[in-house]
Each structure stands twice: as structure tokens, then as C-alpha cells.
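Using the hints, position chain E against chain X.
Same order as they appear, the protein sequences are chains X and E.
Just so we're aligned: 108 in full-length UniProt numbering is position 108 of the first sequence, and the numbers increase by one with no gaps anywhere.
Just so we're aligned: 78 in full-length UniProt numbering is position 78 of the second sequence, and the numbers increase by one with no gaps anywhere.
Treat the hints as calculated values from the structure; they're not laboratory data.
Just so it is clear, CB atoms sit at the ideal spot from N, CA and C, and this is done for glycine as well.
Honestly, I wouldn't trust all of these hints.
Claimed, not checked - Partial chain E-side listing against chain X, Cβ under 10 Å, derived:
id : residue
1  : Gly181
2  : Trp183
3  : Leu188
4  : Ile321
5  : Leu322
6  : Pro329
What the hints assert, rightly or not - DSSO-like, lysine-lysine: derived pairs with alpha carbons at most 27 Å apart:
id : chain 1 : residue 1 : chain 2 : residue 2
7  : E       : Lys101    : X       : Lys73
8  : E       : Lys62     : E       : Lys76
9  : E       : Lys34     : E       : Lys76
10 : X       : Lys76     : E       : Lys101
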Amino acid sequence: MLLYFNSYNKFMMASTPKTQDLPRPGGFPSIQYKRNLPRRGPSGLTLLTGITAISALGFYWMTQTILESRELKREKNWSRIHLIPMLQAEFDRDTYRRTQASLQREAEIMKDVPDWKVGESVYNSKRYVPPSVFVLPEK
Amino acid sequence: MALWSKGDKEPSLEDQGVGGRVGSIAFMTLAERKVMASMQRRIGPNVVGFYGILQPFADGLKLLLKEAVIPSHANKVIFLISPFITLSLALMGWAVIPFAKGTALADISLGVLFLMAISSLGVYGVLLAGWSANSKYAFLGSLRSSAQLVSYELPLAMVILIIVSITGSLSFLQIVEFQQGVWLIIPLLPLSLVWFIVILAETNRAPFDLPEAEQELVAGFMVEHSALPFAFFYLAEYGSILLMSTLTTLLFLGGYLLPFGLPSTPLLESLILGLKSSAIFFFFVWVRATLPRVRFDQLMVICWTTLLPIGFAFFIFTLSILVAFEITPS
Numbered sequence: 001m002l003l004y005f006n007s008y009n010k011f012m013m014a015s016t017p018k019t020q021d022l023p024r025p026g027g028f029p030s031i032q033y034k035r036n037l038p039r040r041g042p043s044g045l046t047l048l049t050g051i052t053a054i055s056a057l058g059f060y061w062m063t064q065t066i067l068e069s070r071e072l073k074r075e076k077n078w079s080r081i082h083l084i085p086m087l088q089a090e091f092d093r094d095t096y097r098r099t100q101a102s103l104q105r106e107a108e109i110m111k112d113v114p115d116w117k118v119g120e121s122v123y124n125s126k127r128y129v130p131p132s133v134f135v136l137p138e139k
Numbered sequence: 001m002a003l004w005s006k007g008d009k010e011p012s013l014e015d016q017g018v019g020g021r022v023g024s025i026a027f028m029t030l031a032e033r034k035v036m037a038s039m040q041r042r043i044g045p046n047v048v049g050f051y052g053i054l055q056p057f058a059d060g061l062k063l064l065l066k067e068a069v070i071p072s073h074a075n076k077v078i079f080l081i082s083p084f085i086t087l088s089l090a091l092m093g094w095a096v097i098p099f100a101k102g103t104a105l106a107d108i109s110l111g112v113l114f115l116m117a118i119s120s121l122g123v124y125g126v127l128l129a130g131w132s133a134n135s136k137y138a139f140l141g142s143l144r145s146s147a148q149l150v151s152y153e154l155p156l157a158m159v160i161l162i163i164v165s166i167t168g169s170l171s172f173l174q175i176v177e178f179q180q181g182v183w184l185i186i187p188l189l190p191l192s193l194v195w196f197i198v199i200l201a202e203t204n205r206a207p208f209d210l211p212e213a214e215q216e217l218v219a220g221f222m223v224e225h226s227a228l229p230f231a232f233f234y235l236a237e238y239g240s241i242l243l244m245s246t247l248t249t250l251l252f253l254g255g256y257l258l259p260f261g262l263p264s265t266p267l268l269e270s271l272i273l274g275l276k277s278s279a280i281f282f283f284f285v286w287v288r289a290t291l292p293r294v295r296f297d298q299l300m301v302i303c304w305t306t307l308l309p310i311g312f313a314f315f316i317f318t319l320s321i322l323v324a325f326e327i328t329p330s
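Next up, chain X with everything else stripped away, as it sits in the complex (with noise of 0.2 Å):
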């Protein structure tokens, strides 16, 4: 059997050309297998370029932002700092005021005990100490 395939596939070559399944000259075109779609809207380096401008503007208004509030906080602590020295004149005001009422008062309360003296210090000491209780108005 062998030798018989042989034989005729001897005979086969000699009958027709060596011949090769080979693409035609100059090849065959490019099979196209993606779709067909426009390309919409603008391209990535535009919007690349969009963004990124945008978000520069952003950023300079947000400095010029934080700038103006930290000027304003500036403002407050300054102003609150210029402020206290009023303030304080007008609690020493207030409590001498009441010094003087909370004297009188003592006075009036404690005038049939015999050497009392008003306003005597409860401290052994001549320093200044100030009241830390005050007497306010009933309502």
C-alpha cells in the first residue's frame, strides 16, 4: 500500500507545477472590523487643556479667597485686641459701682452693732483684693 501511495504521488508531481497557496500579488487590503463612528465632542487634549485652565482660574480666585479672610480674621483680632483696654475701664467702672452700693448696704444692714467697721478687709492683708461676689438686682 505505501508503495503504491508513493508511486502515485510521484506521479501526481510530475503532472502538474509545484505550486503553494500564497496570498495574490501585493497582498490582500485590510479587513476593517471597527465600527464606523464619528468621533463626537472635542478631543482629549482640548478638554485636557479645558480642565486644566479652568481649574487654574479656580485655584487663583480660592487664593485671592483665602487671602481676603485670613486679612478679615486679622481685622477681628485686632479690633477685639483695641477694644480691651475700654473694656476694662468700663468693668472698673461697674466694680466701683458696686463697691461703693455693697458699702453702703453694709452700712445700713450692720449700723446698731457697735465697732463694726464698714468695709474692713477679710484678709490679713492691705493688698487690693478684688470682690469676686456681686450683689445684683432682684427681678
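Below, chain E without anything else, positioned relative to chain X:
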């Protein structure tokens, strides 16, 4: 009278706030159905009331009157408590939201921190609901949902951290007041895109609605809940969408401020806040009607390898700008 918390003759600010939220959540469901209907060339609900305006109340009444079926294998206490947890957490976040200048229910200086803590706790309601129902679908839904919520909280927190580092405050009121200069969406335009993706995922909305993917899990973690408990979950879901819309408005769109520094009144400011939030809600619906659902691995990849690195990079970039130009907020 016993309905009002303080026993006052008039509803207090808190009660008005909660009542207003629940009412607006009800109308949000109608708005979503109407908008989606017109995007899909349908009519949408148009039978109940004039132009279908009473549809949410009909739905709510139906859910109220139906029998609440409790599965016999369910852990009944947790099963019934979890909707309450979810809804009350979704409503608690509103305490620190300013509706106009100085009209937040609780104007605390750590409002942003409070809101983030409350939104983190929201995972527990989902987890408890899915576990206690003792059903495969509910359990898988709750696993997916909690993994998603926990993952997407990181980019969410990163975006908020950047805004906090720019404005130098954790108070919503001060963050909004800062935007009198410039609405933060302009300098943080790339970051706002990250934020929009993150809030979609954080509220379990399309295209990230895997926890309740209808084709696979029916309704996700709340599949076994019916009637009123289901309605509570539904309200909580839309409540968190409304909260996220308002949060977006506050953080990026200037909150209650009119554009170009125009003068306004408190009523007008509330109206402006509502309009901006509605625009963001429209975006939610638009995305749902447009995009197909992503796969779960895609969801995780988007979070961990895309959004989070972008967030970190932008955080470092913003801090570098602040330091380089010596404009760190004092």
C-alpha cells in the same frame, strides 16, 4: 400633641426638619419615576391625583396597610430593628446641614466629622438586615452592599479632607461662607468628577446598584422585608440620596449662596439650596437611565485602583499648592 418631641404647641425646628425631609423624599420617588419615564418615552404615573402628584402617598398608604411578613427563620428582633436603624441614621445626618445662613438644626463646629460618622454607621443597618433575614439573597446583597459602602467611603473621605484642608474648617457653615469667593467646583473640577462617581456608589445607585441587582438578587439586603419595614428602607435610601445631593451642593456648588455674590433672604437661600440639590438629584436619575450596571470586580477596581489614587494624588497636590503659595488657611 404627643407627636411633637418637646410638648410645645407648635412643631419645633427639629420636627419641621424631619417632616420636611420625609415629605421631600416622598416626592423624590415621584420625580425619579417621571424623569425616567420621559427619558424612556413613557408617561409615568399620571392617575393618582392631578398629574400623578399623589402617587407617592398612594404607595406609602399601600405599604402602610399591607401585612408585614416576617420569615419564620428570621431573627425577628434584629429583622425589625434594622429598618429603624437605617432610617434614623439617614435622617440624623440632616442635623448639621445648613438650609440658609444660620439655620442648621445643630450648628456644631465639627459638622463634617459628625456627618461622616453618621454615614459610616449606615452600614450596620444594611448588615443587620441582610444577616437577620436568614436568606441567601439578602445575605449576599448585604455583603455586597457593605463591601461597597466601606470601600467607597475612602475616596469620599479623601475628597472631603481636601475641601476641609482648603477651607480650614469642619463646619458646613464656614465651608459655604468660604465659597463666597469661589465655588469649589471650579478649582476642584477633576475632583468633583471623582465625587460624583463616589456618591453614586455610596448611595447604591445605578450603575453601582449591585446590592439590589434585580436580575440576580431581587432587591438585595431588603428582599425579605415587606410593608412598613420595606417602606422604611425605601425612605432611608432616598433620604441618603437627598443627603448626598445636598452635601454635594454644600461642598462644591456654594450651598445656599446665589451666584456672583447677589444679595438674598433666608427664604431665597433655602430655595436656592433646594434647586441646586434637585439638579444633582436629576443627575442621579439621568445616570440611572443612561448607564448599564458594572460588574462587582469592576466596581472594586474602580474604587481601589482609580478613584482612591486620584484622591490621594489630588490631596498631595492641593496641600503642595497651599504650602508653596503660603496660603494655608489660618
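Hint numbers not upheld by this structure, sorted from lowest to highest: 9
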